[in-house]
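These protein sequence lines map, in sequence, to chains S and U.
Numbering follows the UniProt record's numbering, in which position 80 of the first sequence is assigned residue number 80; successive positions increment by one, without gaps.
Numbering follows the UniProt record's numbering, in which position 155 of the second sequence is assigned residue number 155; successive positions increment by one, without gaps.
One thing to keep in mind: the hints can contain errors.
No copy labels: a pair is met if it fits in one copy or bridges any two.
[As the list claims (entries may be wrong)] Here are the simulated lysine-lysine pairs, DSSO-like style, with alpha carbons at most 30 Å apart:
id, residue 1, residue 2
1, Lys232, Lys352
2, Lys331, Lys139
3, Lys352, Lys206
4, Lys232, Lys206
5, Lys257, Lys176
6, Lys176, Lys232
7, Lys139, Lys232
8, Lys139, Lys206
9, Lys86, Lys49
Because the hints were derived from the structure by calculation, they are not lab data.
There are 2 protein chains.
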Amino acid sequence: MAESSPVRFGILGCANIARKVSRAIALAPNATISAVGSRSIEKATAYAKENGYPSTTKIYGSYEAVLDDPEVDAVYVPLPTSLHVKWAVLAAQKKKHVLLEKPVALNVKELDVILEECESNGVQYMDATMWMHHPRTAKMKEFLSDSQRFGQLKSVHSTFAYLGDTEFLENNIRVKSDLDALGALGDAGWYSIRAILWTSDYELPKTVTALRDPEFNEAGVILSCGASLSWKDGRVATFYCSFLANMAMDIVASGSKGNLRVHDFVVPFQENVAPFYTVEGSWVGELATSIHPAPSEHQVNTDLPQEALMVKEFSNLVGSIKGEGSKPEKKWPTISRKTQLVVDAVKASIEKGFEPVEIIY
Amino acid sequence: MAESSPVRFGILGCANIARKVSRAIALAPNATISAVGSRSIEKATAYAKENGYPSTTKIYGSYEAVLDDPEVDAVYVPLPTSLHVKWAVLAAQKKKHVLLEKPVALNVKELDVILEECESNGVQYMDATMWMHHPRTAKMKEFLSDSQRFGQLKSVHSTFAYLGDTEFLENNIRVKSDLDALGALGDAGWYSIRAILWTSDYELPKTVTALRDPEFNEAGVILSCGASLSWKDGRVATFYCSFLANMAMDIVASGSKGNLRVHDFVVPFQENVAPFYTVEGSWVGELATSIHPAPSEHQVNTDLPQEALMVKEFSNLVGSIKGEGSKPEKKWPTISRKTQLVVDAVKASIEKGFEPVEIIY
Numbered sequence: 001m002a003e004s005s006p007v008r009f010g011i012l013g014c015a016n017i018a019r020k021v022s023r024a025i026a027l028a029p030n031a032t033i034s035a036v037g038s039r040s041i042e043k044a045t046a047y048a049k050e051n052g053y054p055s056t057t058k059i060y061g062s063y064e065a066v067l068d069d070p071e072v073d074a075v076y077v078p079l080p081t082s083l084h085v086k087w088a089v090l091a092a093q094k095k096k097h098v099l100l101e102k103p104v105a106l107n108v109k110e111l112d113v114i115l116e117e118c119e120s121n122g123v124q125y126m127d128a129t130m131w132m133h134h135p136r137t138a139k140m141k142e143f144l145s146d147s148q149r150f151g152q153l154k155s156v157h158s159t160f161a162y163l164g165d166t167e168f169l170e171n172n173i174r175v176k177s178d179l180d181a182l183g184a185l186g187d188a189g190w191y192s193i194r195a196i197l198w199t200s201d202y203e204l205p206k207t208v209t210a211l212r213d214p215e216f217n218e219a220g221v222i223l224s225c226g227a228s229l230s231w232k233d234g235r236v237a238t239f240y241c242s243f244l245a246n247m248a249m250d251i252v253a254s255g256s257k258g259n260l261r262v263h264d265f266v267v268p269f270q271e272n273v274a275p276f277y278t279v280e281g282s283w284v285g286e287l288a289t290s291i292h293p294a295p296s297e298h299q300v301n302t303d304l305p306q307e308a309l310m311v312k313e314f315s316n317l318v319g320s321i322k323g324e325g326s327k328p329e330k331k332w333p334t335i336s337r338k339t340q341l342v343v344d345a346v347k348a349s350i351e352k353g354f355e356p357v358e359i360i361y
Numbered sequence: 001m002a003e004s005s006p007v008r009f010g011i012l013g014c015a016n017i018a019r020k021v022s023r024a025i026a027l028a029p030n031a032t033i034s035a036v037g038s039r040s041i042e043k044a045t046a047y048a049k050e051n052g053y054p055s056t057t058k059i060y061g062s063y064e065a066v067l068d069d070p071e072v073d074a075v076y077v078p079l080p081t082s083l084h085v086k087w088a089v090l091a092a093q094k095k096k097h098v099l100l101e102k103p104v105a106l107n108v109k110e111l112d113v114i115l116e117e118c119e120s121n122g123v124q125y126m127d128a129t130m131w132m133h134h135p136r137t138a139k140m141k142e143f144l145s146d147s148q149r150f151g152q153l154k155s156v157h158s159t160f161a162y163l164g165d166t167e168f169l170e171n172n173i174r175v176k177s178d179l180d181a182l183g184a185l186g187d188a189g190w191y192s193i194r195a196i197l198w199t200s201d202y203e204l205p206k207t208v209t210a211l212r213d214p215e216f217n218e219a220g221v222i223l224s225c226g227a228s229l230s231w232k233d234g235r236v237a238t239f240y241c242s243f244l245a246n247m248a249m250d251i252v253a254s255g256s257k258g259n260l261r262v263h264d265f266v267v268p269f270q271e272n273v274a275p276f277y278t279v280e281g282s283w284v285g286e287l288a289t290s291i292h293p294a295p296s297e298h299q300v301n302t303d304l305p306q307e308a309l310m311v312k313e314f315s316n317l318v319g320s321i322k323g324e325g326s327k328p329e330k331k332w333p334t335i336s337r338k339t340q341l342v343v344d345a346v347k348a349s350i351e352k353g354f355e356p357v358e359i360i361y
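Generate coordinates for the entire structure from the input sequences, incorporating the hints supplied.
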């Protein structure tokens, strides 16, 4: 890979989140921004300038033009969720690799259309779940996988919440039924569901039961909700996601031998170093007046921010396909689909009056 | 109170937990051990010696004898739960104030018999939920009650788990259907339920729904379970309790403006100082690549361990009743009963196949 040319990205649209990913593409050693397209060429021009795009970047007044550019290898798609199926499918048909912002689709049926198109066109698919790529995530997984230190997973709870202000709650695409109809479940719950699946080695739960009394806006879009997941082996998971609570990004996992906690799993408090906490073999002292040991703090440094590592990993895979004729890596579409299946099950459970919903893979 | 004589405690039985409370009585400035009773006088004699009881302590070969001793003001009842109703009622009838180990009863019907007897005899009732009395608990409550810092409670999760070894899982009274039939729900879930009610200012939830797939031993006693609680105003709570996971004692609460966390709420890691964590007004930095501020750690010192503060508070109330003719403090029976109502609802939900159970107060 060191010798190969960088993967050339086209950006579809001028979403706010794309600023972060544009910087990530600039930071990644094996990627470059090649083109940006917007329905308004003026908007795209201003956006490219504001975000310090290379002077060589091609500016287009449509998304199609980006997909038609032979000098674009891959597209980053940060469009509203309702537009994903159209543009991700078109991108795949044009042999562009697809880095797709989450929530990836309104439901698994839509996602399957995208994934099938990516597979049949031999292009890499990855969802833009950035925290998966932080080196902390691998370090935490080491602990969770250690049968002596963590043991068997028994319980995991995750919260991802942030407080939308009046402007957000009235106008953001994340609360619009025609743009991001999954609301807080798709935008925030996605991360907690991914976290739960990640702790369970992506083994899908047997049943998903939404917590009662989610909150909705007037258009019926979810503003807060939660669910419990069960695997029929005593393992349980719960999560809460919300646009109505102060920002929280927790994973609290209990194993038979140890515990793991992280409180900034989606976006670390600091960009270059991220903490997590473990404790193992806990027991009470004499007369049960104290607990030993106290949890340990682990700090994981990273030379690149997690979103740049995501771009780097994606570009590595794309580079291998381009340069060496490798097959696309199946891990990423597989875990994306599993996450979507749980999102769908939570939504179905809410619609069925909080009945348990079985997951059929 | 400073002038009055210390409250004289009788201990019913020689339970292991009573060692901790015996030390607490010795540490509390307004309490003293006056008597201990066991079905075996030899056992009681050895127990008093091992635990450094005052030489003046009266040793009895029955629980009745303790209750009949006019020099006993109050009893501490650490007997198996199935015996609580008998002995707490007898104690109240003998005008002894009752410090009752948790779980306080097998169900609210039994607890009501105890509470009515305490009320009609004018004796103080308190359950032995020690963490309620740590000064950290009051400090945390200050934060939770601060409408500017924490705002409105939106979500709370609590875990209390510890790992029973083979000996525990085979022989401990906590897993015996004839002694502590509530198993992990009564022993560990009690604390998490209390924590949830505490965060909600003891407002009972409208519905309680057990999580699917609790674990049971061969006798049908709960070894792990969980539940979700809902208040019909968007507030949700979940908990997990277990004898099958490494020790965890977490409260993670999300408010509209801030978050609170504590990871050793039942028994602090250290006896004389206890931490908790808060963060408020969180938001993402430029390009959403970091989160500000980082949580703050608060350390709360205590001159007495929480169990001694519990004895001190209980003895203060008893002293006021004895010395000044005060009425018993209703807060303690009230929150004990609410905790039991939720315990009962979780059990009922499990028995009904995880259907939601309405709480009727």
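Verification of the hints:
Taking identical chains as interchangeable, the C-alpha atoms of Lys232 and Lys352 lie at most 30 Å apart whether they share a chain (21 Å) or sit on different chains (17 Å). Within a single copy, Lys331 and Lys139 get their C-alpha atoms as close as 19 Å, which meets the 30 Å cut-off; across copies the closest is 46 Å, which misses it. In this assembly of identical chains, the alpha carbons of Lys352 and Lys206 lie at most 30 Å apart whether taken from the same copy (17 Å) or from different copies (19 Å). When the C-alpha separation of Lys232 and Lys206 is checked against a cutoff of 30 Å, the pair qualifies both within a copy, at 7 Å, and between copies, at 27 Å.
Taking the shortest Cα distances, Lys257 and Lys176 sit within 30 Å of each other only across copies (24 Å), while inside one copy they are farther apart (44 Å). In this assembly of identical chains, Lys176 and Lys232 lie within 30 Å of each other by CA distance solely across copies; the values are 24 Å between and 36 Å within a copy. Proximity of Lys139 to Lys232 under the C-alpha cut-off of 30 Å is restricted to the intra-copy arrangement: shortest distance 28 Å within a copy versus 40 Å between copies. Proximity of Lys139 and Lys206 under a CA criterion of 30 Å is satisfied intra-copy only: 28 Å inside one chain copy versus 41 Å between copies.
For a Cα distance limit of 30 Å, the shortest separation of Lys86 from Lys49 inside one copy, 28 Å, qualifies, whereas the shortest one across copies, 80 Å, does not.
Taken one by one, the earlier hints all hold for this structure without exception.
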